[in-house]
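Q: With chain X held as given, fit chains A and F onto it using these hints.
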Amino acid sequence: MTKKASPNTKSWRNIPLAFLIGGLICTLGQGLTEFYRSQGLPKDEASTWASVSLVFLSALLTGMKVYDNIAKYGGAGTLVPITGFANAVVSPAMEFKSEGFVLGLGAKMFVIAGPVIVYGITAAVIYGLILFFMGAF
Amino acid sequence: MEMLLPYLKAFAVGGAFCALGQVFIDYTKLTPARILVAYVVAGVVLGGLGIYQPIIDFAGAGATVPLTGFGALLAKGTREALGEKGLLGALTGGFTASAAGIAAAIFFGLIAALLFRSGDKS
Amino acid sequence: MAVRKGNTLFLETAPSVISYGAVGSKKESEGPLAAAFDRLWEDSTLGEDTWEKAECRLQKEAIRIALEKGELSPKDLQVIFAGDLLNQCSSSIYGLRELGVPFVGLYGACSTMAESLAMAALFIEGGFGERAAAITSSHFCSAERQFRFPLEYGGQRTPTSQWTVTGSGAAILGRKAAPPYVRAVTIGSIIDMGITDANNMGAAMAPAAADTLRRFFRDSGMAPADFDLIATGDLGQVGSDLLREVMEKEGCPLEGRHNDCGLMIYDRERQQVEAGGSGCGCSASVLCAYLLPALQRGELKNLLFMATGALMSTTAVQQGESIPGIAHLVWLSQEPGGK
Numbered sequence: 001m002t003k004k005a006s007p008n009t010k011s012w013r014n015i016p017l018a019f020l021i022g023g024l025i026c027t028l029g030q031g032l033t034e035f036y037r038s039q040g041l042p043k044d045e046a047s048t049w050a051s052v053s054l055v056f057l058s059a060l061l062t063g064m065k066v067y068d069n070i071a072k073y074g075g076a077g078t079l080v081p082i083t084g085f086a087n088a089v090v091s092p093a094m095e096f097k098s099e100g101f102v103l104g105l106g107a108k109m110f111v112i113a114g115p116v117i118v119y120g121i122t123a124a125v126i127y128g129l130i131l132f133f134m135g136a137f
Numbered sequence: 138m139e140m141l142l143p144y145l146k147a148f149a150v151g152g153a154f155c156a157l158g159q160v161f162i163d164y165t166k167l168t169p170a171r172i173l174v175a176y177v178v179a180g181v182v183l184g185g186l187g188i189y190q191p192i193i194d195f196a197g198a199g200a201t202v203p204l205t206g207f208g209a210l211l212a213k214g215t216r217e218a219l220g221e222k223g224l225l226g227a228l229t230g231g232f233t234a235s236a237a238g239i240a241a242a243i244f245f246g247l248i249a250a251l252l253f254r255s256g257d258k259s
Numbered sequence: 260m261a262v263r264k265g266n267t268l269f270l271e272t273a274p275s276v277i278s279y280g281a282v283g284s285k286k287e288s289e290g291p292l293a294a295a296f297d298r299l300w301e302d303s304t305l306g307e308d309t310w311e312k313a314e315c316r317l318q319k320e321a322i323r324i325a326l327e328k329g330e331l332s333p334k335d336l337q338v339i340f341a342g343d344l345l346n347q348c349s350s351s352i353y354g355l356r357e358l359g360v361p362f363v364g365l366y367g368a369c370s371t372m373a374e375s376l377a378m379a380a381l382f383i384e385g386g387f388g389e390r391a392a393a394i395t396s397s398h399f400c401s402a403e404r405q406f407r408f409p410l411e412y413g414g415q416r417t418p419t420s421q422w423t424v425t426g427s428g429a430a431i432l433g434r435k436a437a438p439p440y441v442r443a444v445t446i447g448s449i450i451d452m453g454i455t456d457a458n459n460m461g462a463a464m465a466p467a468a469a470d471t472l473r474r475f476f477r478d479s480g481m482a483p484a485d486f487d488l489i490a491t492g493d494l495g496q497v498g499s500d501l502l503r504e505v506m507e508k509e510g511c512p513l514e515g516r517h518n519d520c521g522l523m524i525y526d527r528e529r530q531q532v533e534a535g536g537s538g539c540g541c542s543a544s545v546l547c548a549y550l551l552p553a554l555q556r557g558e559l560k561n562l563l564f565m566a567t568g569a570l571m572s573t574t575a576v577q578q579g580e581s582i583p584g585i586a587h588l589v590w591l592s593q594e595p596g597g598k
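Chains as they are written, first to last, in the numbering used here: chain X, 1 to 137; chain A, 138 to 259; chain F, 260 to 598.
Hints listed in this document are in silico derivations from the structure and should not be mistaken for laboratory results.
These numbers were taken from a predicted model, which means no experiment stands behind them.
Heads up, the beta-carbon is just placed ideally off N, CA and C, and yes, glycines get one too.
So these bits of chain X aren't anywhere near chain A, every CB distance computed over 12 Å:
#1 Q39
#2 G40
#3 P42
Here are the simulated DSS-like cross-link-like pairs (lysine-lysine), alpha carbons at most 25 Å apart as the crow flies:
#4 K334(F) <-> K435(F)
#5 K312(F) <-> K97(X)
#6 K312(F) <-> K258(A)
#7 K10(X) <-> K166(A)
#8 K222(A) <-> K43(X)
#9 K72(X) <-> K285(F)
#10 K65(X) <-> K258(A)
#11 K72(X) <-> K166(A)
#12 K97(X) <-> K258(A)
#13 K72(X) <-> K97(X)
#14 K285(F) <-> K312(F)
#15 K560(F) <-> K264(F)
#16 K65(X) <-> K312(F)
One chain only, chain X, in its complex shape (with noise of 0.2 Å):
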């Protein structure tokens, strides 16, 4: 009865939207690493480059108060590109300054992109270690 009562999210919208703003924010990065490798970078370097700007401008529109405003028809895509993790970053600090600098805005800005470390780096540790016992190095 509870999930007759409640309404669907509505999938033909959302699906689509995500599609296109989490496209846009892909080929915003592959102009960006376009652009650094034209500069005369090594093709890594250049894409590293391209990661930090995204940063900085996801960053920059968290602080101007506009990712949220993208993000509520991005969905996913604003979430998946890695501007969707500096977002997860810089909000909480933004939020959480007001109880101080230490506890507040430094101890809080991994509250909802900490996992996202956590598990990354305890399956690449994993990863790690499957390739050095298998004898690969």
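A: Chains A and F only, in chain X's frame:
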């Protein structure tokens, strides 16, 4: 046309990663935080198995900008560090490869928090 | 003294609501009840430097307005029953600390306005004082910070989620031969039907609302048709539909008498609030801005005010617990009770 091809590929592949994420949000009980964790871990696994690099070669930023790309970067860094430092590389590789992104998020995050204040939603 | 039948206390000495005040902010000023509020702030910080201080300020202003309209001063109050959604009821404590009035802090989540109103009415009925105040508040931003995500975090709201009202309502009860009178009070029980989705609180609260209504109609021998309006607190669209469906199934249809404060305060089509308004401040501000004046003017003769609460703890929900609901009912009327 030749010029636009990399952009189209980045748009299509990056968009597809995001659309898949939206499917998870709308049709499963997975919260956004869990989806991000799943994407990163999936990136490490796909990167480790050597499946992700061809996607990066094809789509460029369309594969590196989504968080799966972050995971693949962790795997790549670990593999390279293992070659250089042996077992210690299993611990240093992930952070070394992702250092720029994480440090940028921390630094710009701190600056943004110092300069701006959160506002009401409308 | 009050007469108890079942779970309902019928008041015989006719305590009445002698004054009230309602305040809100921007979103409320854009809603259909805007004109009824005593004061609305365009800026939801209210000029304070934290959201918590802004919410304290809402309570401070609501009680100040209620006292002013009743030509009273704080020392005319023998007790104040107050509550809010924040940990340790901090908005009530910091908002009211300068009043110097004996204070009882209550927690009933979004049901707190009916809870505090009921306590104040019983306090007067029992003859423990001349005047008692009931006040609650909520603030969208302080609630988001505590229960959900940082304000600038890019998340999507689900269609069943509700929008926390930024507002406060204060009612002062006493003895005055003028409506609205408090006729009866039904204290609700904790009802848990196993809903675990914190974004679907209407569904978690609807069974509690149905339970309290059932008890009240059984104890009073009355029916929905005896009331002009049955106003629930913040069931929203989802919870309201569920409540009507449950009551219909039980052979006690609400026959168009039901409305929900969460649906009255905002225009859902226009204001992007998904399933409707919620929070302690939702039922409190709608009661004090719209319902009490309507009773006083005679537009409403008999009203069942039933604020509903999702007794949710973020810790318990993360540990996999379901969300218990509660609903307290207060019967407000143009006519005094007793003989």
